[in-house]
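J.: Chain by chain, the residues:
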Amino acid sequence: MHYWKRALIIFLAALVLAFFVYPPAWNKLADKASVPHFPSVPFRLGLDLLGGTHLLYQADLRNLAAGQTPEDAMNGVRDVIERRVNVFGVAEPLVQVEGSDRLVVELAGVNDVGQAIRMIGETPLLQFKTERPVAEREAILAAQKEGQRLEEDPYYIDSRLTGKYLTRAQVAFDNSGVGLNTPQVSLEFNSEGAEIFKELTQQNLGKTIAIYLDGAPISVPTVQVVIPDGKAVISGNFTTNEAKALATRLNAGALPVPISLISQQTIGASLGADSLTKSLQAGLFGLLLVAAFMILYYRLPGIVSVLALLVYVVIVLAVYKAIPVTLTLAGIAGFILSLGMAVDANVLIFARMREELKAGKSLAGAVNEGFSRAWLSIRDSHVTTLLSALVLYLFTTSIVKGFALTLGIGAIISLFTATVVTRTLLLLMVGPRTELRRWLFG
Amino acid sequence: MFFFSLALFVAAVVAFASFGLNVGVDFKGGSVLELEFSGGRPTVDEITNVLRSDPTLKDREVNINPAGERNMIVRTVELTEAEHQILLADLKQSYGAMEEVRFNSVGPAVGKELQRKSIVAIVIVLVAILLYILIVFRKLSRTLSLWAMNAATIVALLHDIIIPIGIFALLGHYANVQISAIFVAAILTILGYTVSDKVVIFDRVRENILRGKGSTANLGAVVHASVMQTLVRSINNTLTVLLSSLAIFLFGGESIRYFALALILGIALGAYSSIFVASPLLVWWNKKSKP
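From first to last, the protein sequence lines are chains Y and V. Here numbering that gives the first Met the number 0 is used: the first residue of the first sequence is 0, the next is one more, and so on. Here numbering that gives the first Met the number 0 is used: the first residue of the second sequence is 0, the next is one more, and so on.
By construction, these hints were calculated from the structure, which means they are not laboratory data. None of these values were measured; they are calculated from a predicted model. Ideal Cβ positions, reconstructed from N, Cα and C, are used throughout, including at glycine. Accuracy of the hints is not assured; some may be wrong.
[Unchecked claim] Derived EDC-like pairs (lysine to aspartate or glutamate); straight-line CA-CA distance at most 16 Å:
1) V:K27 x V:E60
2) V:K27 x V:E77
3) V:K138 x Y:D379
4) V:K91 x Y:E198
5) Y:K197 x Y:E187
6) Y:K128 x Y:E198
7) Y:K277 x V:E77
8) V:K138 x V:E206
9) Y:K230 x Y:D173
[Stated by the list, open to error] Far from chain V, some chain Y residues (derived; all Cβ distances over 10 Å):
10) A32
11) S33
12) F37
13) D71
14) Y154
15) G162
16) Q183
17) P220
18) V346
19) G359
20) V390
21) L426
Bound conformation, chain Y alone:
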């Protein structure tokens, strides 16, 4: 009777997990009985199944600003890139620092990867420049005629005001002008920036201040009045979209250190969907092949092992959802492979059972003896598989990591299902009636 209880608990627990894995099954019943739906947690799919892009950036940490640690710089890069990436409206984008000077960006389901890369990589540099004194200008222009001082800007000199002091940029429309409402970008500085801007406007009343973006002048307004409140307007020849893009980029801020793209992996959405279908198909066939083999070869114990295998599948899938494990093509391959490994322990146990039965033991005796004798081999095979999975996981390449994770989870859970589930079910079948039909056990 004891085993009945245990089997019932296993069955009910597996059922609950099955609903967790596939909520629609519960929800259909729930609708009839008007009870709440089962919480729906989706599987998390990797980029190779969803379609998307994996980008690896290398940061150049050679020229750090004074007092800036590499960690600070990398965290700064991550924050800025995160803001830029959020502009795409991608579900759950991943932006993380890898190692000491690398940044990984993963975007799922982006249509135009080229544009995404451009927007991530661009470093907007906003500068405000004031007019150079006439004497200096003439000197530089003269020198440039001779082919000297070519790098110097003869007309403007850098002021202290840069995009660093910017708190907000947004699109506004100039409705003071005649006719068209031309789009502009309005800027708001923080208090420090406002103070600098006030000084600048005081010193340059009636002169021009040039606004440079990425080293090129985009707007050269003339200062009409002193501006004390830290508000400025860039009015170039913008279209509405250009003004919007500029405002977005200014808001996203500048990178603390330059980065370059060193590796990219892009998978089209159609290939991803195709891979998903194929790997699900492979999983189903894997399960069927293994189940058919076990039942054909081991008869009644074979059926027991298939039941244990189904419990295994349900638990593993529930774990994938709960952790959650990001399922990739390689990860699903690891899962399918683990189906074959999960029944290995059963094979070991059944082989021992057969021997004990041949030696004349009773069924109950054979089951217990089979378990205790097979245990060492089961343990060894799981430990060595786990060792490989662990090393693979530390290997850090994301494709390989996905495989290692599902293989490792499989090894741990199959240890449980092979020992607890298979054993309970087998002992359940031991009794006076089956004792007379020992052929069922092979």
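Dock chain V against the given chain Y, drawing on the hints supplied.
T.: Quick look at chain V alone, frame taken from chain Y:
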């Protein structure tokens, strides 16, 4: 049978030494672009001509292969994102109905890193397994030479991974099959999986000796009996994993087909080597190490 293994092993080493492995872009750096042409696929020469006529791309080394029914795979040295976009624009202009199925670009530094990491990972797994079997075999060492058990297992494991590597060296040379990062995963999985089969047989040998069904004097007979006793379960264990690998091979799609093939080869060889490599070596070396 033992000499058959030896011959295969030597052949694999020769294949590896003469051809090397045909490694993919994730190991050596470079770019791979797969394109699907829905409105009729151009020929390799046509695509080559398009690229040759572009001022930025004309000097790039390219290797173009058809794949599937409508796809083309273009392999080049590493392209920057700008060059990648130029290439796409050129082809789109010439053959309108075209979709980029995948693009993979790896810098040479990243590729070198992966090579190094792969070798380190394989060495770590070998050492970890060696340590583990040392611990497991220690309790067997009263009846069998510890040295012989370890050496026999390690040689058999090398056999299990070197032969698939040799086969992939041949496939790479003659069928242009490229090795990617996932191949390393297959090798490590083979190592972790096939070692347990060897441990099971040796464990059985010890049990038979302790149960008095034989002595170390006629170890050959004891090992033979132990192999026979564990034969069915060895084969069945291997079969279940082979069946699931076969499902991946047949239905899992192009990108993991060769991964599954490596697993199938290694796991089948693992079962074979437990019986025909590890066991004879155990008998042979055990005799030598015990006076």
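J.: With reference to the structure, classify each hint as holding or not holding.
T.: Verification of the hints:
The suggested pairing of V:K27 with V:E60 holds, with an alpha-carbon distance near 14 Å, which does not exceed 16 Å. A distance of roughly 10 Å separates the Cα atoms of V:K27 and V:E77; the hinted pair therefore holds under the 16 Å criterion. For the hint pairing V:K138 with Y:D379, the CA-to-CA distance comes to about 14 Å; that is within 16 Å, so the pair holds. With a C-alpha separation of about 54 Å, the suggested pairing of V:K91 with Y:E198 is violated against the 16 Å cut-off.
Between Y:K197 and Y:E187 the alpha-carbon distance is near 13 Å, which keeps this suggested pair within the 16 Å criterion. Restraint check for Y:K128 and Y:E198: satisfied, since their Cα atoms lie roughly 13 Å apart, inside the 16 Å limit. Between Y:K277 and V:E77 the alpha-carbon distance is near 30 Å, which puts this suggested pair outside the 16 Å criterion. Between V:K138 and V:E206, the direct Cα distance comes to roughly 11 Å. Compliance with the 16 Å bound is thereby established for this hinted pair.
Restraint check for Y:K230 and Y:D173: the C-alpha separation of about 15 Å stays at or below 16 Å, so the hint holds. Chain V leaves Y:A32 outside its interface by the beta-carbon criterion, the shortest separation being 38 Å against a cut-off of 10 Å. With a least beta-carbon separation of about 41 Å from chain V, Y:S33 lies farther than 10 Å from that chain, consistent with its non-interface assignment. At roughly 29 Å from the closest C-beta of chain V, the C-beta of Y:F37 stays outside 10 Å, upholding its exclusion from the interface.
Interface exclusion of Y:D71 from chain V stands, the closest Cβ pair being 24 Å apart, more than 10 Å. Its beta-carbon lying about 31 Å from the closest one in chain V, Y:Y154 satisfies the requirement of being farther than 10 Å from that chain. At roughly 24 Å from the closest C-beta of chain V, the C-beta of Y:G162 stays outside 10 Å, upholding its exclusion from the interface. No beta-carbon of chain V is positioned within 10 Å of the beta-carbon of Y:Q183; the least distance is around 31 Å.
Its beta-carbon lying about 34 Å from the closest one in chain V, Y:P220 satisfies the requirement of being farther than 10 Å from that chain. For Y:V346, the requirement that its beta carbon stay farther than 10 Å from each beta carbon of chain V is not met, with the minimum near 5 Å. The Cβ of Y:G359 sits about 16 Å from the closest Cβ of chain V, beyond the 10 Å cut-off, so the non-interface label holds. Not every C-beta of chain V lies more than 10 Å from that of Y:V390, the closest at about 5 Å, which undercuts listing it as non-interface.
With 10 Å as the threshold on Cβ separation, the claim that Y:L426 sits away from chain V holds: the shortest Cβ distance comes to roughly 21 Å.
When the structure is compared with the earlier hints, violations turn up for hints 4, 7, 18, 20 and for no others.
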